[in-house]
Amino acid sequence: MTGAQLLTALILLAASVGAGLLLRRAWSQRSASRAGLILGAWTVLAGLLVVAVVPMGGPRGVFIAATLISVGILGVAASNLQVRPARAAADKASLAPEPSDRQSRAWRGVLRFLLAGPIGGIAAMGVAVAWTVWLPADAKTRIVAGGLVAPLLWGALMAWTLSDDKIIRATAVLLGVAVVTFGIAAIKGFG
Amino acid sequence: MAEAKAGKPIWPKASAPLVRAVLAGHSALGLAFAALIFLVCFSGTVAVLRPEVLRWETPQAPVVHEMKPEAVTTLRDEALAKYPGAHHLYIYLPTEEASRATVMIDAVEGEPLKQWTANADGHLVSEYATPWTEFLQRLHFYLHLPPTWGLIIVGLTGVALLSSLVSGVIAHPRVFRDAFHLRWGGSKRLQEADTHNRLGVWGLPFHVILSLSGALLGLSTLMIGILGMVVFNGDVNKVYNLFLAPAPIDDPRPAPLPPLEGMFAHVAQQSPEARVTSVFFEHPGETGQSVMVTGETQGRLDRGDYWVFGGDGKLLEGGHSDSTEMGNAILQGLYVLHFGTFGGWVIKIAYVLLGIALTVVTTSGVAIWLARRRDKGKAAPGWERVWTAFCWSQPPAYALAALVALTAPAISLLPVWGVVTLVAVALAALWPPRMLSRVLRAASVVLIGLVPVVHVALYSGSYTDGVAWAINGILVAAALACAATFMPLRAEAKAKPVVAPAE
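Respectively, the protein sequence lines represent chains A and B. Sequence positions in the first sequence follow this note's numbering and run 24 to 214. Sequence positions in the second sequence follow this note's numbering and run 24 to 526.
These are calculated hints, taken from the structure and not from any lab test. Hints may be right or wrong, so weigh each one.
Claimed, not checked - Simulated pairs of lysine-lysine, DSS-like, Cα-Cα distance not exceeding 25 Å:
#	chain 1	residue 1	chain 2	residue 2
1	A	Lys211	A	Lys163
2	B	Lys261	A	Lys163
3	B	Lys36	A	Lys189
4	B	Lys337	A	Lys211
5	B	Lys91	B	Lys337
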């Protein structure tokens with residue numbers, strides 16, 4: 024990293040802290056200027072992603088800015104640390120939602136595990152392979168794009184199947200998706 | 024600091040049943056993978072500094088700013104003279120980040136590579152080993168399991184983390200309303216929820232990039248296998264061949280080594296801004312030999328272009344890989360993004376801080392579950408002790424492994440790390456969480472603090488590579504950070520009432 028790039032990084036970090044302070048101010052005040060502060064802060068943050076491209080270069084600048092924005096705003100959040108007197112008992116008046124208590128039959132647990140794990144994984148791989156086969160792009164791009172789709176979709180399917188109580192429906196959907204996607208991939212082949 | 028009044032929420036309101044259902048899934052998945060996610064995140068945080076730690080383990084390597092093709096030729100010839108019949112040679116040239124030249128030699132198949140430093144003229148200087156770096160790398164890449172299985176498990180951990188991020192965002196309806204709340208010392212559950220949510224939300228881009236790239240890198244073998252099975256009639260090599268450098272036809276008959284000057288000139292002509300960073304020799308001295316030259320261009324988000332030449336010194340058909348092509352660019356970009364090697368020290372430090380944040384998100388997630396159970400009158404003291412012991416065992420385990428690597432490099436580090444971890448978890452049967460935490464944090468302060476002391480003593484502080492001082496400084500800072508956890512936090516005089524934990 025050159026001196027100019029280091030300076031740019033420090034400016035990005037400082038601007039991120041500035042935008043974080045605007046957001047914190049908006050968060051702490053119920054005033055007329057709140058919307059303006061929020062809009063201004065997010066405009067600054069979006070602008071940093073664009074501006075960073077000039078000295079840092081293409082995608083690299085965007086990711087450097089995104090990384091430093093996270094650090095900068097976390098710094099602002101850390102500066103808001105409030106230390107309270109220790110309390111032994113928990114807050115009984117908590118308004119936080121509690122996770123739902125679900126039916127705990129063994130077969131549902133096993134099926135849910137299979138849906139989130141292997142069945143969800145196979146369905147995600149099926150979509151990724153179909154995507155790889157059908158995407159109009161060069162071979163490497165198709166394979167890498169399919170490779171990105173698989174974990175993204177698997178993660179989303181895990182989140183869905185672990186939270187949806189209608190697990191028979193989820194089973195049918197995932198098995199259907201797997202059959203269809205692997206089928207259309209095998210029919211076309213990798214042309 | 025005075026607590027501010029929360030403003031009107033602007034985040035779309037999710038229904039309570041949906042939030043409760045997603046929270047249940049988030050909780051189940053997080054608990055199932057907590058230990059694995061913690062291991063991968065903790066080792067990954069340290070592994071961000073892997074190239075620097077490697078240099079710290081070899082701090083007296085000759086300083087080399089540039090190597091000419093003639094010097095690379097000398098280095099190749101000396102390495103082959105020392106290890107005749109070597110199957111592969113990997114020469115790493117100095118870069119802007121690392122002023123040194125090294126060569127790795129695959130002398131005997133199945134045995135560890137021989138590693139040597141070299142000077143600017145290409146002469147071998149000294150053999151070296153980097154046991155702690157290798158221990159760290161194997162732990163993060165495949166948990167010291169057989170590589171194929173280990174990679175899949177680490178990749179699956181990445182998917183679970185990604186899924187937790189998705190469900191965490193959906194299950195967090197107060198994401199902006201609570202955006203800057205960070206309340207410590209009151210209700211344990213509120214403290215952990217604030218920590219979990221602040222670090223989780225504001226570090227989200229980093230967490231998504233890390234988990235997605237880690238999942239892709241870890242599951243690539245499995246995905247390529249499935250792709251090959253479905254559309255290539257089981258021939259996975261057809262997939263690999265799209266990405267790997269062309270391999271020469273195997274022909275073990277002796278042949279002269281090709282001159283390198285023409286290859287360097289070819290790279291300079293094709294890519295004037297590229298700096299040659301490595302030269303790999305496959306089956307050197309055989310008729311079926313090849314040479315792969317990699318050149319990196321500053322400012323790009325990739326690991327460089329490569330050119331593969333045959334034994335006659337000519338570029339092989341399909342022997343040039345351009346990293347600006349879409350598929351290559353995404354794949355290499357993901358690797359660079361995962362390890363934080365795209366923005367010098369600034370990004371390295373940012374990655375370490377965000378890596379710590381992700382690790383804390385994992386520990387606080389389990390702590391929320393434990394606190395919630397306690398609040399509901401269903402405390403799980405056993406799990407609380409085990410989780411405390413497991414998490415706090417890692418800093419002293421890593422530090423002791425580093426001390427053993429420095430003082431007795433022949434000893435395998437995996438048992439050292441494993442014994443410390445197991446002893447800590449065994450102590451959970453005897454001590455309450457508070458005691459466990461205090462003892463292990465104290466051990467962390469002592470052991471982490473000892474590492475730079477021993478390092479300086481071993482090398483008498485005479486480092487040729489300044490990065491050794493930087494890593495020692497980071498270790499001192501880490502020891503001080505552990506020591507700082509013993510300092511009591513002073514509560515503010517007027518604390519506002521708790522509004523709501525938002526786990």
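Hints, one by one, checked against the model:
Proximity of A:Lys211 to A:Lys163 is assessed by CA-CA distance (about 17 Å); at most 25 Å being required, the pair is judged to hold. In summary, the hint linking B:Lys261 to A:Lys163 is supported, as the alpha carbons are separated by about 12 Å, within the 25 Å threshold. Taking the CA atoms of B:Lys36 and A:Lys189, the gap is near 23 Å; set against the 25 Å cutoff, the hint holds. Between B:Lys337 and A:Lys211, the direct Cα distance comes to roughly 38 Å. Violation of the 25 Å bound is thereby established for this hinted pair.
Our distance criterion of 25 Å between C-alpha atoms is met by B:Lys91 and B:Lys337, whose separation comes to about 20 Å.
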